[in-house]
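Please put together the full structure from these sequences, using the hints given.
Okay, here's what each chain looks like letter by letter:
Number of protein chains: 2
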Amino acid sequence: MFKKQPTILVYHSNQAEVFAEYIRQFGLSSTILTASNPEEAERQLENTEVILGWKFPTYLLKQPIASSVQWFQSTGAGIDDLIADKTIPEHVMVTRIVDQFGSYISEYVFSFLLYIIKDMQRMRKSQMDRSWDPFISESLEGKTIGVAGLGSIGSEVVQKARAFDMRVFGLSFSSKHALLVDHHFTPDKWKEFVCELDYLVLTLPLTDSTRYVMNRDMLMAMKEDACLINVGRGALINENDLAAVMESGHLKAAILDVFEIEPLPKDHQFYSLQNIYLTSHLSGPSTVEGVSRFFVENVKKYMNHEPLQGLVDRSLGY
Amino acid sequence: MFKKQPTILVYHSNQAEVFAEYIRQFGLSSTILTASNPEEAERQLENTEVILGWKFPTYLLKQPIASSVQWFQSTGAGIDDLIADKTIPEHVMVTRIVDQFGSYISEYVFSFLLYIIKDMQRMRKSQMDRSWDPFISESLEGKTIGVAGLGSIGSEVVQKARAFDMRVFGLSFSSKHALLVDHHFTPDKWKEFVCELDYLVLTLPLTDSTRYVMNRDMLMAMKEDACLINVGRGALINENDLAAVMESGHLKAAILDVFEIEPLPKDHQFYSLQNIYLTSHLSGPSTVEGVSRFFVENVKKYMNHEPLQGLVDRSLGY
Chain A
642 MFKKQPTILV YHSNQAEVFA EYIRQFGLSS TILTASNPEE AERQLENTEV ILGWKFPTYL
702 LKQPIASSVQ WFQSTGAGID DLIADKTIPE HVMVTRIVDQ FGSYISEYVF SFLLYIIKDM
762 QRMRKSQMDR SWDPFISESL EGKTIGVAGL GSIGSEVVQK ARAFDMRVFG LSFSSKHALL
822 VDHHFTPDKW KEFVCELDYL VLTLPLTDST RYVMNRDMLM AMKEDACLIN VGRGALINEN
882 DLAAVMESGH LKAAILDVFE IEPLPKDHQF YSLQNIYLTS HLSGPSTVEG VSRFFVENVK
942 KYMNHEPLQG LVDRSLGY
Chain B
642 MFKKQPTILV YHSNQAEVFA EYIRQFGLSS TILTASNPEE AERQLENTEV ILGWKFPTYL
702 LKQPIASSVQ WFQSTGAGID DLIADKTIPE HVMVTRIVDQ FGSYISEYVF SFLLYIIKDM
762 QRMRKSQMDR SWDPFISESL EGKTIGVAGL GSIGSEVVQK ARAFDMRVFG LSFSSKHALL
822 VDHHFTPDKW KEFVCELDYL VLTLPLTDST RYVMNRDMLM AMKEDACLIN VGRGALINEN
882 DLAAVMESGH LKAAILDVFE IEPLPKDHQF YSLQNIYLTS HLSGPSTVEG VSRFFVENVK
942 KYMNHEPLQG LVDRSLGY
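Line order of the protein sequences matches chains A and B. Basically the numbering used here = 1-based index in the first sequence + 641. Basically the numbering used here = 1-based index in the second sequence + 641.
Hints were generated in silico from the structure; no laboratory data involved. Just so you know, nobody snuck in bad clues.
One copy or two, it doesn't matter: identical chains are merged, so the pair holds either way.
Here are the computed lysine to aspartate or glutamate pairs in the EDC-like style, where the Cα-Cα straight-line distance is at most 20 Å:
hint	residue 1	residue 2
1	Lys696	Asp774
2	Lys941	Glu690
3	Lys907	Asp770
4	Lys784	Glu833
5	Lys830	Asp858
6	Lys941	Asp740
7	Lys942	Asp740
8	Lys784	Glu930
9	Lys893	Asp760
Here it is as structure tokens:
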């Protein structure tokens, strides 16, 4: 027994129509409504069964007009902002995008690991200066990398680290992927996990138990010449603590793609720190095409009463 | 029946003593002579049985004073300059360093592949400008890489390409490593090999049959937006042809670590080309320690009458 195609509302500040077009192209003949602001969304909610959205005004979901909404699909992998509003009705399923970013994010991670270890900055400068400068750089081989979070993103980082003959540690809440790594740690062993690492890559979701996990104490437990890479969520790190620790000369480098406030304010203290590499939340972009394809597959599962991909356990927060 | 420890001459313009020290440290108690120029070498040759050298004056090997020399170990992987002098007596074995550079050189290759595909130049500039710029870059996943030369260096490039989920083509003279790649080509199929590639990595030795293999004709057979990477020998490429082809807008980028004349002259035309990345023959450095360790292992084989590692077939040129 199949459900009939549900009425879908796409909510996005500037690309709602583009999503809708891809969704039709990928074969759904549902009624597809679009909205780019809360007022438009409110007008479209009656009879909407499924929402595909980014930065959706969650308070609307509590109102009687949203009583037909059964399922909310986020266009991103992280849904901490969405479920921060704990009053979203329990019966509304929340899903996030999974298995789409691993390859892309792990390329980002290794682009910076190699940029730093091979000292590409020096190579580029030598070329500018027309200077012959055959220096010997270090190698990733034999270095120890720790991956915090062993979901689809962390697992891809692990796979590439293997190809570079690195020693691989991992920390995760479940032990499901413990065998991927040379040494697995549970969250009660954070300090033991970080203290031997040359590289720490954060791919964790933001939850009550991961918020500010990288505080002064934890950062100081890392080796002085270690590198910290954050492709998870900004608030995994206490930014003031990181700035202070790095100013004191601890840590060789930090590579940050995510921040507590985004866009990163132009006067943020990070901009004046040495050895910090800042990028604009671009390590794992949701492409409209990729998200639409994922969503359409999920709608088919929904209609067939199959389990949805990326279903969020709201008690865990991911 | 073991040979007694042979008398060794280390020849290097400025590090001969450092090599000698490592060799002793790694357990050889041979007589170890050192020389840093042709005159010193000539004085030391009598009774020398084994030479470890870099840019050795090969004409000395033909003289009666060198009649005791049985084996020449180069400190590098490429020995084209050494065997260009075809009058070196046939009975002198020539060996080169093998299996030491693969990991290091493949890191170099992927540092540039990622630098370009992720557009790190744009990321770095956005940071300098304090500009929030969440652009979407391309991915190596699914791209086609061709590795010319499937020895210990090429094989490592292949292994890393696998971890990045690339399609991998290979060209080599023997079919020994054909199974490493998705599609193997022999040297009579160069054009078929290059025409589909997004990346072409040259790891070949320089021989009569590889010299200038990348001429205008072959470069034009590559895709317009392909990248060329040379970590083999400068003269694999006709440099004038490459400059002309790139000036015409063909090829997306060239990454060159080796040149026909090194150091690369400051007025070389490459310096004024766009999209060309020049480094100073540093992708696979011979470290004194690594080379000394390799050499000592080879001396033990020599004394035990076992086959030497890296023995050069002078008819093939590598």
